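J.: Residues per chain, in single letters:
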Amino acid sequence: MTAPVSAPSTSTVPVLGLRNISKSFGMTRALSDMSLSLFPGEVHAVVGENGAGKSTMIKIMTGVHQPSSGSLEVDGVALRLSGPKDARQAGIAAIYQEPMVFPDLDVAENIFISATGLGLVQNRAALRSRARSLIDRIGMTLDVDRIAAGLTLAEQQAVEIARALSQDVRVLIMDEPTASLSDHEATQLRQIARTLAGQGVAVVYISHRLEEIFDVADRVTVIRDGQHISTRPVAEVTPDGMIGEMVGREVGNYFTKAPSHTRPEVMLSVQNLGYADAFKEISFDLHAGEVLCMAGLVGARRTDVALSLFGIHPATSGQVKWLGQPFHATSPAQAIQAGIAYVSEDRRKLGLAMPMAIRANITLATLNAILSRLGLIDRAAEQGIAESFRKKLNIRTPDVETSVGMLSGGNQQKVMLAKWLEMRPRLLIFDEPTRGIDVGAKAEVHDLIRSFVKDGGAALVISSDLPEVLALGDRILVMREGRQMGILDHDDATQETVMRLATGAISLKGAA
Amino acid sequence: MLGRLSPQTLRILALLVVLALVLAFFASQVPNYFNARLFNRISSSVAIMALIATAQTLVILTRNIDLSIGSVVGFTAFATGNLVAGSPDIHPLVLVVYAMLVGAGFGLINGVIVAYARVPSIIVTLATMAIFRSALVEYSDAKSITSSQLPQWLVQFPNTSLFEVGGVQFRAAFVTAVIVVLIVHVALNRLRPARRLYAVGSNPEAAEMAGINLRLTVLSAFVMAGALAGLAGFMFLARFGNITVVAGLGFELKSVAAAVVGGVNIFGGSGTVLGALIGAILVDLIDTSLVRWALVSEFWREAVLGALILTAVAVDAILMRRLIRMRIAREKERLAALPQTEAVE
Chain V
1 MTAPVSAPST
11 STVPVLGLRN
21 ISKSFGMTRA
31 LSDMSLSLFP
41 GEVHAVVGEN
51 GAGKSTMIKI
61 MTGVHQPSSG
71 SLEVDGVALR
81 LSGPKDARQA
91 GIAAIYQEPM
101 VFPDLDVAEN
111 IFISATGLGL
121 VQNRAALRSR
131 ARSLIDRIGM
141 TLDVDRIAAG
151 LTLAEQQAVE
161 IARALSQDVR
171 VLIMDEPTAS
181 LSDHEATQLR
191 QIARTLAGQG
201 VAVVYISHRL
211 EEIFDVADRV
221 TVIRDGQHIS
231 TRPVAEVTPD
241 GMIGEMVGRE
251 VGNYFTKAPS
261 HTRPEVMLSV
271 QNLGYADAFK
281 EISFDLHAGE
291 VLCMAGLVGA
301 RRTDVALSLF
311 GIHPATSGQV
321 KWLGQPFHAT
331 SPAQAIQAGI
341 AYVSEDRRKL
351 GLAMPMAIRA
361 NITLATLNAI
371 LSRLGLIDRA
381 AEQGIAESFR
391 KKLNIRTPDV
401 ETSVGMLSGG
411 NQQKVMLAKW
421 LEMRPRLLIF
431 DEPTRGIDVG
441 AKAEVHDLIR
451 SFVKDGGAAL
461 VISSDLPEVL
471 ALGDRILVMR
481 EGRQMGILDH
491 DDATQETVMR
501 LATGAISLKG
511 AA
Chain Y
513 MLGRLSPQTL
523 RILALLVVLA
533 LVLAFFASQV
543 PNYFNARLFN
553 RISSSVAIMA
563 LIATAQTLVI
573 LTRNIDLSIG
583 SVVGFTAFAT
593 GNLVAGSPDI
603 HPLVLVVYAM
613 LVGAGFGLIN
623 GVIVAYARVP
633 SIIVTLATMA
643 IFRSALVEYS
653 DAKSITSSQL
663 PQWLVQFPNT
673 SLFEVGGVQF
683 RAAFVTAVIV
693 VLIVHVALNR
703 LRPARRLYAV
713 GSNPEAAEMA
723 GINLRLTVLS
733 AFVMAGALAG
743 LAGFMFLARF
753 GNITVVAGLG
763 FELKSVAAAV
773 VGGVNIFGGS
783 GTVLGALIGA
793 ILVDLIDTSL
803 VRWALVSEFW
813 REAVLGALIL
823 TAVAVDAILM
833 RRLIRMRIAR
843 EKERLAALPQ
853 TEAVE
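So the protein sequences, as listed, match chains V and Y.
In this text, residue positions in the first sequence follow the numbering used here: the first is 1, and each later residue adds one.
In this text, residue positions in the second sequence follow the numbering used here: the first is 513, and each later residue adds one.
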């Protein structure tokens with residue numbers, strides 16, 4: 001697949017070109033044979049599913065990673081970027097969803113923190129006026145004397161863009177810049193992107209909001225599974241066509257949907273749930289024996305819904321009924337007490353104590369149950385519990401004394417699951433259960449979730465992996481930017497319908 | 513109206529108010545509280561405290577801490593005394609530079625281990641605090657320096673009155689220390705490389721992305737702190753004349769206390785040395801005044817100091833959170849007042 005390049009601007013030499021770039025991390029191939037040309041004055045959108053290779057591509061363009069093969073060209077000349085510093089010197093800069101500002105410094109200082117050639121002594125007046133002209137250049141109004149700590153996200157991003165401009169940026173990569181912004185702020189940011197393109201900067205715009213791509217971009221590139229799929233002028237693209245290209249991968253046969261165990265009785269009923277600015281009006285019923293999957297793209301705030309149900313950030317609006325009783329958890333302890341378990345997406349940070357033994361990890365949350373009469377831990381009982389889980393979940397390890405850090409990702413996930421199952425929950429909230437684990441272990445984790453609901457529990461599974469959502473979910477709730485876009489029955493769901501909801505191309509709000 | 517001032521200016525103002533309140537309080541409790549002796553006593557002690565508080569601030573700004581500072585003060589005081597006792601004709605300036613170089617050397621050791629071996633500074637300096645102290649014991653051979661070994665100019669230096677205002681003497685040591693603090697203050701605000709200390713402590717990740725050399729920045733903070741501690745060692749020698757192996761003991765905690773009371777954020781990134789100076793004055797003022805306050809037994813002085821530190825940190829945290837919330841609220845109002853033409857999506 002070669003890039004069909006049609007230059008929109010007068011210039012015919014791309015300011016930045018990727019030539020047949022491949023990048024592997026160990027056994028995983030993140031990018032293969034990727035080619036792309038960026039021209040001065042264009043806003044070039046790059047779209048793709050989670051994990052399609054966008055971040056790897058950005059990291060190669062900004063010199064964070066070096067390609068395994070292929071090359072980068074700046075103004076048609078091959079160039080090796082051995083670090084972020086090289087990229088900056090070549091005029092390539094990136095801003096991210098989470099802006100990088102110094103909260104304790106003011107706006108002007110933030111902009112010029114890494115600038116050179118300004119002399120040893122900081123001339124406040126000169127600094128201020130130069131900062132102001134940069135802020136003007138991107139069409140914002142912002143007091144350059146303000147301390148960055150009080151800035152809104154959009155303003156922080158403006159500061160970052162101004163910082164890039166101060167270093168004569170020629171290629172500006174915006175990585176999901178609007179994912180955490182309000183509509184008004186997002187509009188502001190898109191205007192900045194257009195303004196910069198008007199000044200001859202090549203802007204790479206990465207976004208999950210399809211409608212904004214049609215608003216801001218000149219050309220669109222779709223990538224999937226680390227490969228370049230297409231590059232077209234935005235006028236020749238339709239939302240459906242774009243989505244089709246994004247998900248066009250074949251679904252592996254290991255993901256076949258097992259029969260549903262859904263029973264009629266409702267275990268969890270959620271009405272108009274909301275939390276601060278994160279999400280609102282989330283409503284669904286979860287039945288005994290049911291697996292409800294929550295699908296959505298990065299920034300859909302699915303995890304926030306889970307954290308609210310689990311009491312980490314208690315909901316600020318709406319009602320929850322749990323087993324027929326009104327329920328409002330204000331702490332995880334309360335949720336656990338009520339029989340709700342939350343298996344975090346971040347095993348390393350929130351889930352497991354890596355240096356500790358498998359045995360100790362499994363019984364960590366239920367220590368009280370295995371205390372002997374003297375108040376000491378009953379080693380034999382602990383051992384027994386750990387051993388039984390090792391067999392039941394097929395945790396591959398020499399023995400339960402092995403430290404969790406030594407296990408593979410899939411087996412770590414099983415230990416984490418064991419820890420929660422040991423508490424005998426009725427509702428299991430599972431956040432990205434198979435992220436970063438291999439296919440075999442994925443299937444095993446799916447089986448474990450199914451056998452959990454078969455025994456009468458209910459499961460809420462958050463997953464960004466579309467085939468997984470389709471294989472596991474009896475129903476699929478799709479979220480987008482804190483809103484519920486609709487609930488699909490398994491039989492009505494395809495990758496395309498889920499993706500359309502997730503990107504806001506259609507909405508089932510009324511019908512759900 | 514207060515929201516328009518920078519947080520740092522607000523902090524300094526708040527500290528001055530607290531200072532005035534403390535003075536007023538003791539004046540009402542202790543008969544004949546205000547006198548020239550109060551000022552003189554505090555000013556000679558602050559001359560040393562201000563320097564180590566400034567040194568500590570430089571390190572804390574980068575999200576580190578230097579617990580070895582007291583040992584460095586002790587060692588340089590002894591080494592400098594030893595040098596001048598051996599060759600009394602040495603030029604005063606050479607002596608000062610010597611003290612600062614010795615201190616900077618210790619700072620270099622701390623900085624290299626923290627920045628390049630990536631060991632947390634609290635562990636590194638806890639260890640070097642003990643090691644430097646033992647080095648002093650070894651180097652001094654358990655002997656002391658006495659003021660009789662020192663040249664007259666050195667012994668007289670701290671008490672030389674530069675000028676007097678109504679019986680209140682401004683002595684050379686105090687004035688020197690204040691000038692040094694002011695120089696560092698201006699440098700931190702106006703020298704571009706110095707802003708990197710703030711950047712590194714404020715958001716290390718962003719600093720790295722912005723091309724700032726994290727390790728070099730941290731290393732230079734420790735070296736500068738060492739040099740200032742060396743200068744404090746010189747002051748210590750001049751003030752007390754008699755130097756034993758326990759010189760500077762406990763200074764590490766006093767310097768942290770002064771910095772924190774002065775509004776320096778213990779997590780790095782914000783604070784001023786001017787604040788640290790006022791913090792040092794406040795800590796010293798309370799310490800000195802409590803001695804004269806009949807109501808509080810001597811044993812409770814430390815506790816009052818501890819309470820002061822807790823109060824300072826709590827008030828600071830509340831104040832800053834309020835301020836930021838106020839600003840965000842004002843910003844939202846401003847946005848709401850804007851014409852909503854573009855926000856139709």
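Errors might be hidden in some of the hints.
[Unchecked claim] In silico SDA-like cross-links for lysine to any residue, where the CA-CA straight-line distance does not exceed 20 Å:
#, chain 1, residue 1, chain 2, residue 2
1, V, Lys257, V, Glu496
2, V, Lys59, Y, Glu717
3, V, Lys85, Y, Phe779
[As the list claims (entries may be wrong)] Part of the chain Y face toward chain V, derived, beta carbon under 10 Å:
#, residue
4, Pro632
5, Arg702
6, Glu720
In case anyone wonders, no lab produced these hints; they're calculated from the structure.
No experiment lies behind these values; they were computed from the predicted model shown.
Ideal Cβ placement from N, Cα and C applies to all residues, glycine included.
J.: Just to be careful, I want the Cα atoms of lysine 257 of chain V and glutamate 496 of chain V compared with a cutoff of 20 Å; is the pair within it?
T.: holds, 17 Å
J.: Hint check: lysine 59 of chain V vs glutamate 717 of chain Y, CA-CA at most 20 Å. Holds or violated?
T.: holds, 16 Å
J.: Do the alpha carbons of lysine 85 of chain V and phenylalanine 779 of chain Y lie within 20 Å of each other, as the hint requires?
T.: Roughly 28 Å separates the two Cα atoms, so the pair is violated.
J.: Quick one, is the arginine 702 of chain Y hint okay against chain V at 10 Å, beta carbons?
T.: holds, 5 Å
J.: Hold the hint about glutamate 720 of chain Y up to the distance rule: shortest CB distance to chain V must be less than 10 Å.
T.: holds, 8 Å
J.: With chain V as the partner, please determine if proline 632 of chain Y meets the hint condition of a C-beta pair closer than 10 Å.
T.: violated, 18 Å
The structure is inconsistent with the numbered hints 3 and 4, although it conforms to all the rest.
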